[in-house]
Structures are given as C-alpha cells and as structure tokens.
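Enquirer: Residues per chain are reported as follows:
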Amino acid sequence: MKLATVLSLAITAVAAAEDDGPAADAPTFAKDVAPIVFENCAPCHRPGESGPFDLLTYQDVRRRARQMVEVTQSGFMPPWLPEAGYGEFRGARRLTEEQKATLAAWVDAGTPLGDAEAIPALPQWTEGWQLGEPDLVVRMKPAYMLTDSGGEVFRNFVIPIPVSSLKYVEAIELRPGSPQVVHHAVMRTDETRSSRMQAALDPEMGFGNMNMGDARQPDDYLLGWTPGHQPVPPREGFAWTLRPDTDFVLQLHMLPSGKPEPIEPSIGFHFADEPPSRHVASIMLRARGIDIPAGESHHAMTDMYRIPMDVELISVYPHAHYLGKQFECWAELPDGSREWLLKIDDWDFNWQDEYRYAEPVTLPAGSTVHMNLVYDNSADNPRNPAIPPRRVVEGSRSVDEMGNVTLQVVPKSLAERDALRQALARQDLEKDPDNWLVHDNLATLAHNAGRDDEAIRHYNETLRLNPNRTRALSGLGSILQARGELQQAEELFRRALTLNPGFATAHLNMGKLMVQRGQAGPARQHYERAIELQPSFAEAHGALGDLLQQQGDFGEAAEHYEYALSIDPDSAELHNNLGNLRYYQERHAEAVKCYRRSLELLPGQVEAHNNLANMLFLRGQLDESIEHFRAALEIDSGLEDARFNLQQALQLQVKRDAAVARAQERVRATGGRDAQTLMILADTHATYGQVDQALETAGRALELASQASDRGLAERIRRQMQRYRDNLRDEQP
Amino acid sequence: MKSHRVIHGILFVTVVFAAAGIAAEADRDSLIRLEGPDGKRIAPLAANPDVRATVVVFVRVDCPISNRYAPELMRIHDAFVERGVAFWLIYPDPAATDDAIRSHLEEYGYPIRALKDPEHAFVERAGAEITPEAAVFDARGRLVYRGRIDDRYVAFGKSRPQPTRRDLVLALEAVLEGRAIENDRTKAVGCFLGDLR
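Chains as they are written, first to last, in numbering that gives the first Met the number 0: chain X, 0 to 732; chain L, 0 to 196.
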C-alpha cells in the first residue's frame, strides 16, 4: 500500500479510537429508514414484482444503500414523472426532501441497524389478482421468448377472447408474467380479423413495432400497465362492450435482461351485470407535423382543443418517444382561471404511465385544454437514438417521434359524448384540412348520425386525398346504394374488395346490393363471407336472416337472427325482422313481443307499427291494433293497406262495442246474478278477442254456479273458460 | 483516560506502518489469490507466457445492469480469447454463495471462469467501485484500463439505445497492439461495491 494511504488510514484509526460510535441522533434502519423503504420501495422491490432485487430486510437495503441515495437524489426512484403541484394523482410515488435526506444521513452514519426489535412489520400486500378473482382469465399461449440482448423490443400479441355472448367489461387486470422484463403494456381490441392476419404474416409471434394497426381503444377506454401500476377498479356505471370473436391486442415493451426470458402474460376480465350508463371520451392533444432538426435542443410543439360541454377529467396519458423532454398540460376555464393538469420536466420513455386524478377535474363547457411538448434532438440528450443527431419526423417507429397527451373525460351522457367527438373532429379539420384521416373520421361520424350529404362530402375528400381508403369506399357506396344509385355503389364496393378482400363490411354492403338487384345467390355468398371474416358481425347475420326468410328457410333464418341479437340486443331492426319471421312461423305471440321491443328501442318505425297492428288485429286485440295503425298512418299517410285495415278494425270495434253493450244490458237486467247471461257476455268478449274480460266474466258466472251447487253448469263453464285460454295457447314461449 | 487513548492511537499507527510495509512487498508480485466456487485458489495475475492481457469484470448475481451485459461480455470473450486474453468474472459480494454463483453462471450461459473476492482484495487492486466494471491488466500485471464496458449507460435510468464507445474493446485492441489506451479510466454505472462490505 502507498504511504499516503497508510497514513490516512492511521489517522482515521486514531479518530475512530476517539469515537464513541455513531452519533446518537443519526437515523437508524429500524426507526427511520425501514418505514420509508417499506412504503415506497418494497411494493415493487419484492419477489414476483418488477424490481430486479428485493428491498425487504436490513441486509437487502444495506447492500444497496449508496445506490438508493443516488437514485432517490436524482429522482430516478421511485419512478414518477409528474411534478408535484401540477395535478393531484392517485398513487403518486414521491419521497419528500426530508425522506431523501434521511436516507443520505443514514448512509453517512454507516448504515446503522438500530434496535432490530423495533423494525416495523412489512405491509400486507394482496397476492395474486389485485382486483380479486376475475370472471374470465385469458392466458397468452405459447410464451414469447424474449431474446437475451440488444435494445428494447416492442411487440404486439393477438389473443382471442373466448366469450360466447355480449359482455360488459367493468375492469381488466394484466399480469405480465415477467414483470422485471416487461416495461409497459398497452391493450386494445380488434373486432375485425386484421390484427390476426398481420400476426400471421409476421414470422415471429405477434407483429412488431409500436404501431397497433387496426386495434382500437374499446369504447375510448385507455387500457395500460406499467410496473407498480394499480389496476383500475370497477366504477359504478362504467364498462366497455365486448362482443364474441373479439381479439385482444397486447403491446408489450420489453427490455432484454441478459438471458432469454419466456413471457407469458395473462389478462383477467371482470364483467358487469348491466350495460354501462356512463361513457368516456378521449381528447388527444397532439403534435402535428413533427419535424425536428438535428441538434435542436428545445423544439416546442403545442396543441389545444375547445370543449363545448361540461366534462369531468379522470386521467391523463402523455406519450412521446426518446426525444421528448418536457410536457406541460393545462386547462383554461371559462372564468379565466388556469388549472394545471400535468407537468413533466424530465420525460422518460421507459416510465410512461396513465396518471389518474385523485378527484375528477371539472372542466365546464367552454374550457380549453392545452399542451406544450418540448423535444431535445441534440447530442446532449443521452437518450437520443441517433449519434450524431439526425432530423426526426413523425412516425411510429422508435426512431421517429410522436407526441400526444390523451385526456380521458366523462361527458354527461352518450349523446354528449357523440357531440364531443363531433366537436373535436371539427376542430381537427380546422387544424389539418388536408388530412385524409380527419375527413374519414368526419365522414363516419356524419354517416352514423344520418347526415348523408355531409358524409358524402367528407368521403369524397377522403378519397381525393387517399384513393385507397377502403372504409371510405364502402361507406360512400352504402349511402349511394340507399339512394338507389346502384351502379356507382357497386363500383365502389368492388374497388374496396379488390384492395382488401378481407373487408367484411364491404361484403355485407355488396350483399345488400345484390339483394336489391334480385341476385340472391351472390348476395348469400357475400353475406357468408362477411360472417366468415367477422363471426360476430351482427348486421351480417341479420341480413342473411332476412335473405333466408325470404327464401322460406325459417329455421336457419331464426338462428341467424337469434345470434345477431345475442351480440346486438338493442337493434330495433333485428327485433322487427325477427318479428316478421315469427309471423311466418305462426308464432304470433312472439311476433307481438318482437315488434313491441323494436318500437321500444326505436319509436316511430312505420313498419314496426304496421306489423304490430296487423298482428294484434289477428289476435283480436282491436283497441291496441287501432292505436298502432293510426301511429303508422301518422308517419306515412300513404299506406293504403294500413288505411284499409284501420277501417276494418274500426268497423269491427263498433260491432263489438254494440254487442258487448247489449250483453251487458242483459246482465244488468238480471241483476248480475244470472250465470247464463253472464256467460253470453263472456262469449261476446271472447268472440272479439277480449280474453281477459271473457275469463273475468266467466269467473263470476262460475262463482254463481258454485253457490247454487249446480255442478253441471259449473263444469260447462269451466270447459268454456278453458276454450278461451286455448285460444291463447301459443302465448307460451 | 485521555492519555491512554493517545498512546493507543500511536501504537496503532506504528503497527499499521509495519503492516503496510509487508503488504507493499506482496503487492509487487501481484499474487492475490482468490477462490473459485469450486474451491480452487487461483492468482489471476500470475505470470503466464500465453497471456498477453487479463480482463477482470466485477459482477454481482443480483445486479440488473451487470446481468444485461452478459451477452456483450460473452461476445467480447469470444472475440478476444483466441488472441491471448484471459477473462475472469469476479464476485465481490461476501453474501454470494458458491451455489448462487454457479447458478448465475449457468443461467446466463457464461463461459468465463469465476472467482470470489469477499475481502475486496482484488477490488482494491483494480480500484473498482461498481458492478459491472472492467479492469484490464497487461502481460506484466499493470493496470492499463479500468471502467465501463461501453458507454451505453449514462446514469441510472438514462441509457442510450446503442453504445457509441465500446471502451473495453478499444482498450483490449490497444493493449494487444502495444499502443497507449486513450481513455484509460472511465466512469461505470451500476451497483456500488462500497455497499458490499
């Protein structure tokens, strides 16, 4: 050893000899450090969780003490990007300055243990599923083998969800299987087969890169996972709709560990009993037209949206790639005040997360939301993937950049959610008038709302900017078809199908067109292809049901309708069409139920009113049938047969009322105590289909007969009552 | 009381001086012997005509950064072992058992031989402070490089998507070609050895 070292060692030795041990007020593990570690570090730093080593005991912590001081001083740990004071979030993971100082002082004092007896107990953590046993667990099989080295891996896995009927998902929980290696996850759903096909084309399991293709956020819900993330528990009234034959698309961001790792995630689903009564919407502030010169260290991009209705903000999800540096997000309220929503000064792509507000933030109608996102494309940014720095543009590869802040809000109703989507889409048009996606979105919204002229305009713009947009081809075609322009419509459908033979909706539309042309064979082929491509396509099943019904295949038609209704129980059209089928099958009572349900779902349907009226007329329920004929004629006064039937019904009603009046007069004349006259009245009621009144009247006659101990009469009355009931036999399902 | 303490201190100093003298002698022979998980004692820097350079990498079983370097270390090993470079993995954690080390080697597929250094004798010889940290010694046992394997890690939580300087490889190339090493001391990022006493 060098002399200098020896000398300094010796001097230290002397000093130590004079020392009495650690200072009396130095922090100890037992009293000061353990509580900090157990609360803030141990939840992830324990077996089976994301931390790569445990921090549960004195030895665990002592062996990492200096490291812990460094990472807490730099803010790297606990991992939490938002700055304090700019939004109050649930589960915020921060150490106070005092806590950080305690750790540092503890290390300076030589990491003393203190009184081992005084070490607090470890917290009780929920093991296994944090939200309790799920209703359905789906495990990805087989496992994905993550390579041992190299940079980060992004991969999208397509996992079918085995449900056989419509479900409302009120919560999901992801267990990544290898939490130390999975850095974060994003989850979406795909009701088409597109993701599955993309995965099939990729030689490795799933498909690669950050782009999730056609997978969507189900009903606008943001589903994600990061280390230490607490799954979102169910909230009253909130759920997203899951149809059978939907694929789950799970994007995992993984970091090789130095040895190959098998990745086998599982997802737990929790189902609600009721359909949702509340809905969420996403407002995505984004950086448009990203183009960052090489070397620029402070490149700011902004966006804003006006919100024309009251909403509650429940969570925020910032996103950028490696060059993102700072995020600022705030709202300006109508009263002029500013509400900070999020501030991140040192963005770390690896620790992105969805941040949920401790209390929903009220944004009154007229509020605006703003984003300012700063990129650093200089060599000073150690995370810059390009050395030397390169010009970077927008894109979904990790060497490209993205930038957005997604605000998850809750509008007051479904109608307001749709209005919000429309308002946001309009603002997108102001910002980006030559973006085909913007027009495509507006076209779809207009089409769904029945604003056909507007839809046509936007479909045309979409196709001008992107002639291969198959959704626009198909959508435009279906509007033209409804207007009778079959030639043009057929051309558009053909183009769509040539570009994408796997486009189920285009097949459906083409099928409908074939029906209009009277070509049942090709129509059926297209419908069946649509169903093959997307088995849970309720509309296609309904259309095929219609076709089969026309061909007299009632049994098969009924199967398709029933399946369609299991997926889409609130389709007025399906209920109406099924009602027609039941009529042909002579199941009249069911037909009535179907028409009633159809009208409940969508009042004002001429066809349903007319159908129901006819059905009721046949069953002798005159009064109600007259109501519905009138309703139908009010909507469409040109319905000849309805007018004729109404006349018939009215005439019959007059006859009935007269006959009933006469019979009632006879009953009154006998003081209501003569069973025979009562039975005449009962028969009259029954003749005109008033079964309930017939039975009630006959019941009174029966009572009289029993009182008179006239067994023969009582028996005859009972038989007659049975006959009345038999007329309703097909009331049984 | 006080006077006793002072005498105690002076005596201590004398003893330390004496011990230092002996240690210096031993050090010049570079014969620090370490035990492997199989029980054999080896001096990594013992003179050997076939060895033109020795690389020692300080690792821990439970250091995630160290583990992430396993494939890269193996690539470097494969590239240089035929050129007369000897490789050693040194485990300075006194709490690491032989079984744990053996499992670790197997799990990560290391073909590199392992030695334990619970007293931190080699740690001090190399001046290492971090895992993973590499030290390169020339044929005469002189320390010619100490520091990171490459510059992928900038700090905890800040790593480059790709390294820009593969410092260990550059150092080995230089030693084998008899050149001076440019950056012969670099800062490594990883778990602190100082915590392991």
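Where hints are given, some of them may not hold.
Stated by the list, open to error - Keeping only pairs whose Cα atoms sit at most 30 angstroms apart, straight-line, the calculated DSS-like set for lysine-lysine is:
no., chain 1, residue 1, chain 2, residue 2
1, L, K39, X, K342
2, X, K258, L, K39
3, L, K186, X, K258
4, X, K258, L, K115
5, L, K186, X, K99
6, L, K157, X, K99
For the record, the hints were derived by calculation from the structure and aren't laboratory data.
Enquirer: Determine for every hint whether it applies to the structure shown.
Expert: Okay, the hints, checked on the actual structure:
With a CA separation close to 57 angstroms, the supplied pair L:K39 and X:K342 exceeds the 30 angstroms bound. This hinted pair checks out: X:K258 and L:K39 have alpha carbons roughly 27 angstroms apart, not beyond 30 angstroms. Only pairs whose Cα atoms come within 30 angstroms are accepted, and L:K186 paired with X:K258 is accepted, the gap being roughly 25 angstroms. Simply put, X:K258 and L:K115 have alpha-carbon atoms about 22 angstroms apart, close enough for the 30 angstroms limit, and the pair holds.
Under the criterion of a C-alpha separation no larger than 30 angstroms, the hint pairing L:K186 with X:K99 is consistent with the structure, at around 24 angstroms. Proposed proximity of L:K157 and X:K99 is supported: the alpha carbons are some 20 angstroms apart, at most 30 angstroms.
Against the hints set out earlier in the document, a violation occurs for number 1 only.
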